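Undergrad: Taken in order, these protein sequences are the chains called A and B. If you read the first sequence in our numbering, its first letter stands for residue 1, the second for the next number, and so on. If you read the second sequence in our numbering, its first letter stands for residue 418, the second for the next number, and so on.
The hints are simulated quantities; they were obtained by calculation from the structure and are not laboratory data. Computed from a predicted structure; not experimentally measured. In this text, a Cβ means the ideal position worked out from N, Cα and C, and glycines have one as well.
So the derived list for chain B, only partly shown, Cβ under 10 angstroms to chain A, looks like this:
no., residue
1, ARG521
2, ASP522
3, SER526
4, ALA530
5, ARG550
6, ALA561
7, ASN579
8, LEU601
9, LYS649
10, GLU668
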Amino acid sequence: MSERIREKLRILADAAKYDVSCASSGSNRKNTAKGIGDTGSGICHSYTEDGRCVSLLKILLTNHCIYDCAFCVSRSSNDVKRAAFTVEEVVSLTMNFYRRNYIEGLFLSSGIFKNADYTMERMLRVVKKLRLEENYNGYIHLKTIPGASEEMVTEAGLYADRMSINLEMPTEAGLKMLAPEKSHEEVRRELGVIRNKSLQLSDERKVIRSVPKFVPAGQSTQMVVGATPESDMEIMYIADHFYKSFSLKRVYYSGYIPISADTRMPVIGTSPPLIRENRLYQTDWLMRFYGFEIKELLNGDFPDLDPAIDPKLSWALRNPAFFPVDVNTAAYHAILRIPGIGVASARKIVSARKFGRLHAYQLRKIGIAFNRAQHFMRYADSPVQLNEKDPAVIRQTILNNSQSKFRNGLNGQLTLF
Amino acid sequence: MVTYIFDGSFAGLLTAVFDSYALRHHEVVLVTRQEYQPAFSGTVCEIRSDEEKAARVWKGLEKKIGGRQCHKLYTVYLSEDTDAFRHLFGYARYLFDNGGDRLRDYGNSHVLAVEGYAKKVSRERHRMKAFVRFKKASNGLYFAVITPDFNVLPLIGDHFKNRYADQKWLIYDRRRQLGMYYDLHQVCEVKPEAVTAASVSVQAEVTLDETDELYTSLWQDYFKSTSITERKNLKLHLRHVPKRYWKYLPEKGF
Numbered sequence: 001m002s003e004r005i006r007e008k009l010r011i012l013a014d015a016a017k018y019d020v021s022c023a024s025s026g027s028n029r030k031n032t033a034k035g036i037g038d039t040g041s042g043i044c045h046s047y048t049e050d051g052r053c054v055s056l057l058k059i060l061l062t063n064h065c066i067y068d069c070a071f072c073v074s075r076s077s078n079d080v081k082r083a084a085f086t087v088e089e090v091v092s093l094t095m096n097f098y099r100r101n102y103i104e105g106l107f108l109s110s111g112i113f114k115n116a117d118y119t120m121e122r123m124l125r126v127v128k129k130l131r132l133e134e135n136y137n138g139y140i141h142l143k144t145i146p147g148a149s150e151e152m153v154t155e156a157g158l159y160a161d162r163m164s165i166n167l168e169m170p171t172e173a174g175l176k177m178l179a180p181e182k183s184h185e186e187v188r189r190e191l192g193v194i195r196n197k198s199l200q201l202s203d204e205r206k207v208i209r210s211v212p213k214f215v216p217a218g219q220s221t222q223m224v225v226g227a228t229p230e231s232d233m234e235i236m237y238i239a240d241h242f243y244k245s246f247s248l249k250r251v252y253y254s255g256y257i258p259i260s261a262d263t264r265m266p267v268i269g270t271s272p273p274l275i276r277e278n279r280l281y282q283t284d285w286l287m288r289f290y291g292f293e294i295k296e297l298l299n300g301d302f303p304d305l306d307p308a309i310d311p312k313l314s315w316a317l318r319n320p321a322f323f324p325v326d327v328n329t330a331a332y333h334a335i336l337r338i339p340g341i342g343v344a345s346a347r348k349i350v351s352a353r354k355f356g357r358l359h360a361y362q363l364r365k366i367g368i369a370f371n372r373a374q375h376f377m378r379y380a381d382s383p384v385q386l387n388e389k390d391p392a393v394i395r396q397t398i399l400n401n402s403q404s405k406f407r408n409g410l411n412g413q414l415t416l417f
Numbered sequence: 418m419v420t421y422i423f424d425g426s427f428a429g430l431l432t433a434v435f436d437s438y439a440l441r442h443h444e445v446v447l448v449t450r451q452e453y454q455p456a457f458s459g460t461v462c463e464i465r466s467d468e469e470k471a472a473r474v475w476k477g478l479e480k481k482i483g484g485r486q487c488h489k490l491y492t493v494y495l496s497e498d499t500d501a502f503r504h505l506f507g508y509a510r511y512l513f514d515n516g517g518d519r520l521r522d523y524g525n526s527h528v529l530a531v532e533g534y535a536k537k538v539s540r541e542r543h544r545m546k547a548f549v550r551f552k553k554a555s556n557g558l559y560f561a562v563i564t565p566d567f568n569v570l571p572l573i574g575d576h577f578k579n580r581y582a583d584q585k586w587l588i589y590d591r592r593r594q595l596g597m598y599y600d601l602h603q604v605c606e607v608k609p610e611a612v613t614a615a616s617v618s619v620q621a622e623v624t625l626d627e628t629d630e631l632y633t634s635l636w637q638d639y640f641k642s643t644s645i646t647e648r649k650n651l652k653l654h655l656r657h658v659p660k661r662y663w664k665y666l667p668e669k670g671f
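Just chain A, with the same shape it has in the complex (with noise of 0.2 angstroms):
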């Protein structure tokens, strides 16, 4: 019993993992009535050995899979073994890492057997038996069937604390070439059936005040990068779109990792492109949290990111008429825009700075990048300065005084150890 179980989960975890989304936070599901878990701001329960974060119990309920999208490992024609897990056994293995404090919840994928609504009412029977028979109030993150129908998908909402439907390929000519059973569309119908229940009943909401939750934690989506030709403009541009009219929480951005023989795609062997996925995030985090419009950073003129310096630091230097900007006197979005001050260094500065003008040894200890952003601001001892500086010598300066942690991914060299 306890082998077979064993070899379940190592086969289901094993091919879930090039999920990346393993977000635990945004919900605000509470215990109720003494029963177990609550969920808040989120944890990572541990790391995996390629550095991210293991907070969920990330599994498939079956790896058996109708369609054949060629970036997909458990694909039907992929020579593969196959399981899948029962109801129970989901049930059971959730509550038990939950007990023991290994997992902040569950997020619960699965291949598509027989059609997508059969798949789609499997996921749905473990959802409502962890929180009606096992009263659980742990997160959920469920991933949507494509092709499910509007009821059952609707139903899981109401169980779910995220749920997700990934857009698999940044394009629809990318999609249709390795995916020909899926398409965007698909993904905007099943996207616009959850934010439209949700907007609905956040407007009940405020007249009854018990309207049931449903996708407290909000919606999110996937693309694979590297897999298909896309530039970093058509990629951000598509996630822009998608996070403005469908209110996503998070768009993720995954490597592709090779795993088939397909010629279409990188061969096996490539390592996957993680500067270049990096850099991406950055770009949607200055999107998010810094005030930028994505054409700001990725144009016509511009396509595709700098890979040797963070995306921040790219505007800064092809924008040289907006800078120095003085942190003593100047708005807070202007000095969120410095290269090396964070959304937390600028709050604080200009806290700070109502008590007095700051110095370089104060924005130091305030924890600002201050070799990089010293070429670009001015505070209350900055040397004095005549020419302006130019953007390229700025550019080798920081690069030459800066350790990246892509240096040697940059140049190919290799590590000695």
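Assemble the complex: chain A is given as a structure, and chain B must be docked to it using the hints.
TA: Chain B alone, transformed into the frame defined by chain A:
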């Protein structure tokens, strides 16, 4: 320059603030009795912890900066660091002298240092919420042993109470010999019975629930399977899970 020796208690720290005003000392070095080493010169002043004085200072602080910020000061105290105590002392005096709105004067070294310590303690508290791993005993008790860097056990009781309302649990801080026990109704502090030096300490054997081993190995399996070898990045892994925490974690082989 006057040296204040206090007993290391929170009340003692607040009493020191009170006395510094009562005695009109402006330049004060705070030191705990444990760490005090007599010097050749300088005035030394022994602070006697006084609940009444402490309460007055605490009330004054609450009036100036509010209960929430005061709680933050208490968490800084839990760092058990003499340097943090000195900054708390300086912080309190700075705010009393200049007004409560100075709590956001991040250009001041005490204000910034107190924020820094609060962040450190908060990070350790968060890690304990994450890294505590319960084992299930045959009598149904879920228990865990921890040795946090700071005394954060008092800060995590409510979190576990809200989360595990239907199971009995015990978290024990071995370094500080302090436990938190939840009996399905309330959380209370527990201390091990005093053991005399002569008596041989007998490690009480706990019998584990029969399913416990299975779930531990399932968790270890899961941890292995969910890692992507092509993306292996041990440097990042270690930054998130420093080695000193591995002793809590069954997935790291402990």
